[in-house]
Amino acid sequence: MARPVAIVGTGQTRHSKARLDVHQGEMVREAVDAALLDADLSFQDIDAIVLTNMELFEGRALPELWCGEFAGGFAKPVMKVATGGTSGTSGAIVGLMQAASGLFDKVLVVGWEKHSEGSTQTGMSLTDPAWDRHIASGAIGNFALSISQFAEARGITPEQAALVAVKARRNGALNPNAHLGDAEITVEKILASPMLAEPIHLLDMCPQSDGAAALVIAGGDIVNRYKNPAWFRASATRHDQPYIGDHDQRLLKMRTLRSAAAEVYRKVGITDPFNQIDVAEIYEPVSYVELAWYEALGFCEEGQSGRLIESGKTQIGGELPVNPSGGVLCSNPVGATGVIRVAEIAKQLHKKAGAYQVDGAAQALVTGYGVYAWSDVLFFSGDKP
Amino acid sequence: MSMKMQNTDTEYLTAEIIMDLSWDVDIGQTMTDFFHRLKDEKCLYGSRCGSCDRVYLPPRPICGDCWVEMDEFVPLGLQGTIIGKTICYYKILDSLTGKPRKTPFVLGLIQLDGADTTLNHFVDVDDPAKVAIGDRVETIFREPLQGNVGDIIHFKWLPPSEEKGTEDVS
Ligand SMILES: [Zn+2]
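In order, the protein sequences belong to chains F and D. Here the first sequence is numbered in numbering that gives the first Met the number 0, starting from 0 and rising by one per residue. Here the second sequence is numbered in numbering that gives the first Met the number 0, starting from 0 and rising by one per residue.
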């Protein structure tokens with residue numbers, strides 16, 4: 000890496016089902032203002048801006064045109080990054096690289112989505128009309144098919160998956176920005192919620208949210224100004240083939256996440272992920288996939304992910320808290336979701352995570368998951384590289 | 000006058016977007032050939048990579064894993080194996096009729112004989128509870144064939160005993 004860079008400020012909206020009181024730009028502005036306030040900077044201090052948004056969901060073209068100025072983009076280099084669910088982590092990587100290159104000292108990354116607007120029909124044009132669109136069953140059916148395979152091969156029970164959702168919603172109750180949260184949730188309540196596509200219950204799924212999140216990235220002397228910068232250590236991105244059916248064992252193999260994690264672990268010297276990582280924010284749109292990601296990230300041996308969630312070791316207070324913020328299962332404004340993962344890890348390293356602060360968090364992992372099986376992995380630490 | 004909204008319990012206004020658009024996209028050489036063959040021969044073809052031997056459905060000109068051109072079409076079997084399955088209870092629009100599909104319906108991740116990739120599609124079965132991973136299915140085509148993806152209506156679930164019978168014959 001060219002030079003050390005760190006995240007020095009974060010800001011988020013309160014994520015929710017529908018923000019009828021603001022348009023997309025006003026929502027962006029809320030997150031940007033919060034991030035600048037957190038970093039004690041003004042918009043004049045920002046050298047470049049990266050926007051991340053999946054405009055197809057709202058059915059509106061060129062959001063950088065009419066949301067850019069709400070991020071303070073006038074007369075500055077502004078670019079948009081859109082890679083499906085990984086948009087936010089990809090945008091963060093781009094911003095980190097821009098700062099690490101020395102091209103810019105202070106880069107603002109802001110992601111957002113307003114799922115309450117738009118129509119699923121516009122999202123349908125994401126798929127190939129010649130082959131995929133007629134058989135596209137939406138994210139839930141596709142996940143259910145891969146999950147049936149994973150659950151059978153690994154012996155994962157609905158109760159074990161429900162424990163992931165219980166952990167997420169209890170953590171979400173501690174996070175003032177989370178869309179969902181329920182301190183009283185139980186496995187029984189998850190399993191009693193309506194069945195969407197076996198074995199996925201309604202409460203096993205992430206919500207669709209309105210929300211925005213922003214990061215302030217800094218490189219050079221300015222970072223010395225901050226008490227607990229979240230230093231960027233490494234990242235890796237892996238894309239994969241275009242059709243949902245190209246992965247005959249998607250969750251079992253998850254080759255993009257395994258490969259990206261291996262590269263990042265090698266770069267930062269992680270040989271025992273479960274014991275060396277202090278906190279992780281991973282992209283889990285469905286309860287079951289968090290268990291698949293445990294395996295792919297090397298948090299446990301193959302077939303042991305159900306035991307790991309049962310052990311409580313991934314709860315706050317456990318040996319490796321996973322998604323102390325409540326994760327994607329609590330908030331999912333897609334273009335912002337990856338930015339939120341990074342922001343939540345930065346908050347942990349800034350020691351500003353409040354009720355869900357992980358004590359002694361110093362080595363921290365972020366993942367993003369997008370489209371059919373794309374993966375981003377980022378690593379941050381409290382120590383300057 | 001201040002621009003700050005004074006009345007915070009106001010009814011926020013919306014602007015309507017109406018989109019009723021349709022257009023055609025070019026599907027390219029490989030898929031054009033694939034659909035002509037489907038219509039003429041009632042057969043699905045995959046493309047085989049000469050480097051890794053992987054057979055792709057749908058076929059495509061380049062193997063993404065090896066980054067080499069594929070120039071061999073291979074006919075796939077009309078039967079396949081269910082390698083993932085789910086019973087869906089949520090409403091979706093049927094792309095053939097435009098009407099909501101009756102729930103519950105069964106989706107399968109289906110690996111056709113001879114293909115390394117899979118496709119997710121509807122499984123036709125009288126009792127959804129019968130379907131298990133490893134079961135066999137048969138492709139049911141629209142008659143007459145039109146030469147597009149809608150020609151595959153669904154996959155008929157084959158009871159395990161019946162499948163054994165066909166194996167004996169072959
Ligand atoms: Zn190949």
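Check each hint, because a few of them may be wrong.
If you anchor each label on the Cβ, the simulated ranges turn out as follows [stated by the list, open to error]:
#1 D:Leu-20 - F:Glu-318: 31 to 39 Å
#2 F:Gly-316 - D:Lys-101: 25 to 33 Å
#3 F:Arg-2 - D:Leu-92: 50 to 58 Å
#4 F:Leu-36 - D:Lys-101: 32 to 40 Å
#5 F:Leu-36 - D:Pro-99: 25 to 33 Å
#6 F:Leu-61 - D:Thr-13: 45 to 53 Å
#7 F:Ala-138 - D:Ser-21: 51 to 59 Å
#8 D:Lys-155 - F:Phe-273: 28 to 36 Å
#9 F:Arg-254 - D:Lys-155: 51 to 59 Å
Using 20 Å as the maximum straight-line C-alpha spacing, the simulated SDA-like pairs for lysine to any residue come out as follows [said to hold, decoys possible]:
#10 D:Lys-90 - D:Gly-76
#11 F:Lys-16 - D:Glu-10
#12 D:Lys-90 - F:Asp-20
#13 D:Lys-98 - F:Asp-20
#14 D:Lys-90 - F:Glu-318
#15 D:Lys-3 - F:Asp-20
For the record, the hints were derived by calculation from the structure and aren't laboratory data. We put the beta carbon where it would ideally sit given N, CA and C, even for glycine.
Against the structure, the hints come out as follows:
Evaluation of the 31 to 39 Å hint for D:Leu-20 and F:Glu-318 yields a failure: the beta carbon distance comes to about 53 Å. Roughly 47 Å separates the CB atoms of F:Gly-316 and D:Lys-101, a value that falls outside the hinted 25 to 33 Å. With their beta carbons about 52 Å apart, F:Arg-2 and D:Leu-92 fall inside the hinted range of 50 to 58 Å. Taken as a hint, the range 32 to 40 Å is violated for the pair F:Leu-36 and D:Lys-101, whose Cβ atoms sit roughly 53 Å apart.
Distance hint for F:Leu-36 and D:Pro-99: a CB-CB separation of about 48 Å, inconsistent with the stated range 25 to 33 Å. Taken as a hint, the range 45 to 53 Å is violated for the pair F:Leu-61 and D:Thr-13, whose Cβ atoms sit roughly 20 Å apart. At about 24 Å, the CB distance of F:Ala-138 to D:Ser-21 disagrees with the hint of 51 to 59 Å. The hint said 28 to 36 Å for the Cβ distance between D:Lys-155 and F:Phe-273, and at roughly 46 Å that hint is violated.
Take F:Arg-254 and D:Lys-155: their Cβ atoms lie about 32 Å apart, and the range 51 to 59 Å is violated. At roughly 31 Å between alpha-carbon atoms, D:Lys-90 and D:Gly-76 are farther apart than 20 Å, so this suggested pair is violated. Between the alpha carbons of F:Lys-16 and D:Glu-10 the distance comes to roughly 17 Å, so the proposed pair stays at or under 20 Å and holds. Of the supplied pair hints, the one linking D:Lys-90 and F:Asp-20 is violated, its CA atoms being roughly 30 Å apart against a limit of 20 Å.
A C-alpha spacing of about 34 Å is found between D:Lys-98 and F:Asp-20, which places the hinted pair above 20 Å, so the restraint is violated. Under the criterion of a C-alpha separation no larger than 20 Å, the hint pairing D:Lys-90 with F:Glu-318 is inconsistent with the structure, at around 41 Å. With a CA separation close to 13 Å, the supplied pair D:Lys-3 and F:Asp-20 stays within the 20 Å bound.
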